[in-house]
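Could you put together the complete structure from these sequences and hints?
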Amino acid sequence: MLFSTTEAHEKLRKEIREFAEAEVKPIAFMLDQENEFPHEVVAKMAKKGWMGIPFPKEYGGMGLDNVSYSIAVEELSRVDGGTGVILSAHSSLCLWPIFAYGNEKQKQKYLVPLCKGEKIGAFGLTEPDAGSDAGGTKTTADPEGDYYILNGNKIFITNAGPAETYVVFAMTQPGKGTRGISAFIVEKGWEGFTFGDHYDKLGIRSSATCELIFNNVKVPKENLLGQEGEGFRIAMATLDGGRIGIASQAMGIAQGAYEEALTYAKERIQFGKAIGFQQSIANKLADMATKIRCARYLCYSAAVQKDAHVPYAMEAAMAKLFCGDLAVEVATEAVQIFGGTGYLKGMPVERMYRDAKITQIYEGTQEIQRTVIASYIVGKPPKETTAASKPKNNAITGERKKEIFKEGSAKDKVNALVTALMKDGYDFSVGIDLNTPIVDADRVVSVGKGIGEKKNMELVKELAKNVGAALGSSRPVAESLRYLPLNRYVGMSGQKFVGNLYIAVGISGAGQHLKGIKNATTIVAINNNANAAIFANCDYGIVGDLFEIVPLLSKALNTGEKKAMEQVKKIKRATPKKLPPVNKHFVCLGCGYEYDPELGDEDGAVSPGTIFENVPDTWICPDCGEEKSQFIPER
Amino acid sequence: MHQVRKVTEDIVWVGANEHRLALFENIHPLTTGVSYNSYLLLDEKTVLFDTVDWAVCRQYLENVDYVLNGRELDYLVINHLEPDHAASMDEIILRYPKVKIISTEKAFMMMSQFGFDVVDRFIEVKEGDTYNFGKHTVAFVEAPMVHWPEAMVTLDVTDGVLFSADAFGSFIALDGVLFADEVDFDRDYLDEARRYLTNIVGKYGPQVQHLIGKAAPLLPQVKFIAPLHGPVWRKNFDYIIGKYDKWSKYEPEVDGVLVIYASMYGNTESVAVSLASKLREKGIKDVKVRDVSNTHVSWLVSETFKYSHVVLASVTYNLGMYPLIHNYLQDLKALNVQNRTFAVIENGTWAPQAGDKIREFLDNELKQMTVLSDEVTINSSMSETTGAVELDRLADSIVESFKQ
Chain Z
930 MLFSTTEAHE KLRKEIREFA EAEVKPIAFM LDQENEFPHE VVAKMAKKGW MGIPFPKEYG
990 GMGLDNVSYS IAVEELSRVD GGTGVILSAH SSLCLWPIFA YGNEKQKQKY LVPLCKGEKI
1050 GAFGLTEPDA GSDAGGTKTT ADPEGDYYIL NGNKIFITNA GPAETYVVFA MTQPGKGTRG
1110 ISAFIVEKGW EGFTFGDHYD KLGIRSSATC ELIFNNVKVP KENLLGQEGE GFRIAMATLD
1170 GGRIGIASQA MGIAQGAYEE ALTYAKERIQ FGKAIGFQQS IANKLADMAT KIRCARYLCY
1230 SAAVQKDAHV PYAMEAAMAK LFCGDLAVEV ATEAVQIFGG TGYLKGMPVE RMYRDAKITQ
1290 IYEGTQEIQR TVIASYIVGK PPKETTAASK PKNNAITGER KKEIFKEGSA KDKVNALVTA
1350 LMKDGYDFSV GIDLNTPIVD ADRVVSVGKG IGEKKNMELV KELAKNVGAA LGSSRPVAES
1410 LRYLPLNRYV GMSGQKFVGN LYIAVGISGA GQHLKGIKNA TTIVAINNNA NAAIFANCDY
1470 GIVGDLFEIV PLLSKALNTG EKKAMEQVKK IKRATPKKLP PVNKHFVCLG CGYEYDPELG
1530 DEDGAVSPGT IFENVPDTWI CPDCGEEKSQ FIPER
Chain C
39 MHQVRKVTED IVWVGANEHR LALFENIHPL TTGVSYNSYL LLDEKTVLFD TVDWAVCRQY
99 LENVDYVLNG RELDYLVINH LEPDHAASMD EIILRYPKVK IISTEKAFMM MSQFGFDVVD
159 RFIEVKEGDT YNFGKHTVAF VEAPMVHWPE AMVTLDVTDG VLFSADAFGS FIALDGVLFA
219 DEVDFDRDYL DEARRYLTNI VGKYGPQVQH LIGKAAPLLP QVKFIAPLHG PVWRKNFDYI
279 IGKYDKWSKY EPEVDGVLVI YASMYGNTES VAVSLASKLR EKGIKDVKVR DVSNTHVSWL
339 VSETFKYSHV VLASVTYNLG MYPLIHNYLQ DLKALNVQNR TFAVIENGTW APQAGDKIRE
399 FLDNELKQMT VLSDEVTINS SMSETTGAVE LDRLADSIVE SFKQ
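Each protein sequence line maps, in turn, to chains Z and C.
So the mapping is simple: the working numbering equals the position in the first sequence, first residue as 1, plus 929.
So the mapping is simple: the working numbering equals the position in the second sequence, first residue as 1, plus 38.
Just so you know, these hints were derived from the structure itself, not from any lab.
Note that this is a predicted model, so its numbers are computed, not measured.
Ideal Cβ positions, reconstructed from N, Cα and C, are used throughout, including at glycine.
Any given hint might turn out to be false.
[Said to hold, decoys possible] Here are the simulated SDA-like cross-link-like pairs (lysine to any residue), alpha carbons at most 20 Å apart as the crow flies:
no.: 1; chain 1: Z; residue 1: LYS1331; chain 2: Z; residue 2: PRO1103
no.: 2; chain 1: C; residue 1: LYS287; chain 2: Z; residue 2: ILE1561
no.: 3; chain 1: Z; residue 1: LYS1447; chain 2: C; residue 2: VAL427
no.: 4; chain 1: C; residue 1: LYS405; chain 2: Z; residue 2: ILE1561
no.: 5; chain 1: C; residue 1: LYS441; chain 2: Z; residue 2: TYR1076
[To be verified] Each pair of labels, with its calculated beta carbon distance range:
no.: 6; chain 1: Z; residue 1: GLU1328; chain 2: C; residue 2: VAL311; range: 28 to 36 Å
no.: 7; chain 1: Z; residue 1: ASP1532; chain 2: C; residue 2: VAL311; range: 44 to 52 Å
no.: 8; chain 1: C; residue 1: ASN402; chain 2: Z; residue 2: GLY1533; range: 19 to 27 Å
no.: 9; chain 1: Z; residue 1: ASN1032; chain 2: C; residue 2: PRO258; range: 35 to 43 Å
no.: 10; chain 1: Z; residue 1: GLU1336; chain 2: C; residue 2: VAL311; range: 51 to 59 Å
no.: 11; chain 1: C; residue 1: ASN365; chain 2: Z; residue 2: GLU1336; range: 50 to 58 Å
no.: 12; chain 1: Z; residue 1: ASP1369; chain 2: C; residue 2: GLY304; range: 23 to 31 Å
no.: 13; chain 1: Z; residue 1: TYR1076; chain 2: C; residue 2: ASN402; range: 30 to 38 Å
no.: 14; chain 1: Z; residue 1: GLY1533; chain 2: C; residue 2: VAL195; range: 37 to 45 Å
no.: 15; chain 1: C; residue 1: ASP293; chain 2: Z; residue 2: TYR1076; range: 21 to 29 Å
no.: 16; chain 1: C; residue 1: ASN402; chain 2: Z; residue 2: ASP1369; range: 32 to 40 Å
no.: 17; chain 1: Z; residue 1: GLY1489; chain 2: C; residue 2: SER418; range: 42 to 50 Å
no.: 18; chain 1: C; residue 1: PHE440; chain 2: Z; residue 2: ARG1108; range: 21 to 29 Å
The following block contains the structure:
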């Protein structure tokens, strides 16, 4: 077995190296200083076909393997890490998920121009509260007619700005964690899709990085990538492949820094000879060369496994982990060899030193790489079954925003509430009759015992009028106080509210009341007790005296005579189809016992998380004693 | 009086019908009986393929005796050792003491467990072995866990008869029928064939698929499929194999809705039937309503295999779902049913809980069941002003889910 790339690989390497030396190297310092994206370089790469190296020719790609792709990222990064990541993010993170999960129409529309490099691609997963833990995704995509309405923001997005096509992840089933995430193809220029400021980064400053902001962006349903709820799986599979790209980038940076240091060490004379011949420097260079060789083979072997369609996620994580650490180590030692000279701007090693650091952070931090690798070695920890360890969701009304306005005066809070409601699309120039049956009502203003004397009901009636809502109440207000007829109290045993906007005034939120409003689109709470259950079950809340808040809110929403509201249009959440398990179950031909990798077989010393292929050959069926070879996969 | 029919010139059906048994496997109700099929080959040697349940042994012995017409019985091939087919082998051995038993190693082990003494007359065969009886040659194909581990199927290569054991079997006594094309199978037999297969073999979908895969290359040689229950197939193989393929892949046969309700005083029933009306009104062509309390679960299981959608409407009982609904769900779990879309309606007078419990079971205990997010809660009863809007919404949601 000869560990070697092919002639074609080396021909491609030579071509890209010459290109990088001629086109990128002369401007690398300028790009770094100016924080500038190399538009012309990317355009030239597109002409050469390099923006679609590992994708089939029928989709405009070069039809080459992943080693070729790895070489391309490596060679660009050898000269400029920023340019390297442009190609890596484009290919691995945008083209690949469309190639792997897109339907034919999506591929023709998006993959072809991306492969040809007519367009640049990007990937939007990370959020302020969802870094390593994608389950915290807050960006939402709500179905509405033929569209999903996208709201939220994505941070640290590589290629953001120059990219035309974005693979974006958003919650379609809030509260379901990673199972509620779906993937979408989003185009630059769509209404409501804007960018934040370009980040001022430590390194890779030639790559564009900024925030994506989605404000009611209408994404056509045909732009759903894969199926609903499959997003997390798509993201994880994409990152598996992306790690080969980042490993290649890191390895390229290390190679570049090493070569700079080697050349310098041969030129720089101290104590009468080139410092490269001083043992202390020679040893550094020997270490660098050795580790770079390790890194390269780790990287290429993961790429080869990907091409061969054998599992490669662990190997890709190992490559990324090793190469990332190596890039930082080699760049640090390269600066050391350059001494004071290396500490100056304008020296490539100074730039490489800064560029290297990111490879330990993105595409999964080094810590996450270890988690991934460990999961393949020791398996996943067994499912926690104790009640205490289950994530608690105390909200009876389901997943809610729970945004409590606390800033400023009562007026400020009311204004913040009104702004939030308008942003959600509520139109207060229209309304319904005060006496609309609760079940038919689009909006209800509901009052609790906090209202006090009967004369205060006028306040609430006024508010209902200005909201354009029907009037409802809690059970005691109708049953004990008798301020309203019995058919107007809301709750599990009373009327159920299934419309859009529910404003609870002076209602503490008894369980049976909350059950009656769990299908409301938006719940607003106004109550003077910050600990009232209603606040854990609302989308927006104001803690304050209702006698102060209600008149202010009335005034803010007073638009004179309300126009009649059209047919109630309720935002309905689709139910995503369940996904089959990632790891196949196997069944015994001797008795029908089913091996579930999630559970393993503790009595047989197979730890949970062990895929069937990794179960020892000596293992036997725990129920009937058949050998492992007598198992067949479930379809 | 003997009751026999010819499958081919040399192969004769010598089985028997069972009309007096109330519960098949002592659990699944029989309404139109069942047949136990056995086949006798007359060649240079005489060969019997499987036997019958002890209950119909007398008729069976008469049939065998008539067809043998004084000849010795040389071989008995046991494709499946379950007692509804093998119980009479003891009696066969007593009457034909020279008979040799041909079967698999596992069947041999089980014979001794059941108390059949075959040590001196046993011939063990394995996957791919063949045996010659003169003009006829047969080949053996192992069929483990369809639905017992010892099972095999035997192909008579000469006449193209596949002795398929329990595969392709059905409830309903034959009563003179032999071939599936003599009856309106789709109209009169399919429901009972499905009920038989899904309740008995439902759990073993992957194993059935495994067998279908192995048998595929042999199919061009097969002219008859001769199961151990129900009629013999000599036409329309695509039809019945297509059904088996769907059942064993847990794919629904029809786009339609099965509404199963548990109602104590008629209020939940009223809502369930109202939903069925709405669904039909909205253009769903196939909607079946079943009362869980008076429909044996074997029909519910069978119809769950048939339909793409299931609505469960349950009262709350002891702060949980209705016990019979729970029993039904347990059966679905045991039988590995998957890939269906469910909708849930709960009723409760003071603390409705059935919905959450059903949803939890569907989510956590069953595989790939999609549960529609719209859910209807009935508080004791439903009227135009209490819950009708939600019921409409649920109906819309079900109709919508057909489009996905």
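To see whether the hints hold, each was checked on the structure:
no., hint, result
1, LYS1331(Z) <-> PRO1103(Z), "holds (13 Å)"
2, LYS287(C) <-> ILE1561(Z), "holds (14 Å)"
3, LYS1447(Z) <-> VAL427(C), "holds (14 Å)"
4, LYS405(C) <-> ILE1561(Z), "holds (18 Å)"
5, LYS441(C) <-> TYR1076(Z), "holds (16 Å)"
6, GLU1328(Z) <-> VAL311(C): 28 to 36 Å, "holds (33 Å)"
7, ASP1532(Z) <-> VAL311(C): 44 to 52 Å, "holds (49 Å)"
8, ASN402(C) <-> GLY1533(Z): 19 to 27 Å, "holds (24 Å)"
9, ASN1032(Z) <-> PRO258(C): 35 to 43 Å, "holds (36 Å)"
10, GLU1336(Z) <-> VAL311(C): 51 to 59 Å, "holds (54 Å)"
11, ASN365(C) <-> GLU1336(Z): 50 to 58 Å, "holds (56 Å)"
12, ASP1369(Z) <-> GLY304(C): 23 to 31 Å, "holds (27 Å)"
13, TYR1076(Z) <-> ASN402(C): 30 to 38 Å, "holds (33 Å)"
14, GLY1533(Z) <-> VAL195(C): 37 to 45 Å, "holds (42 Å)"
15, ASP293(C) <-> TYR1076(Z): 21 to 29 Å, "holds (26 Å)"
16, ASN402(C) <-> ASP1369(Z): 32 to 40 Å, "holds (36 Å)"
17, GLY1489(Z) <-> SER418(C): 42 to 50 Å, "holds (43 Å)"
18, PHE440(C) <-> ARG1108(Z): 21 to 29 Å, "holds (23 Å)"
The structure fails none of the hints (numbered hints given earlier).
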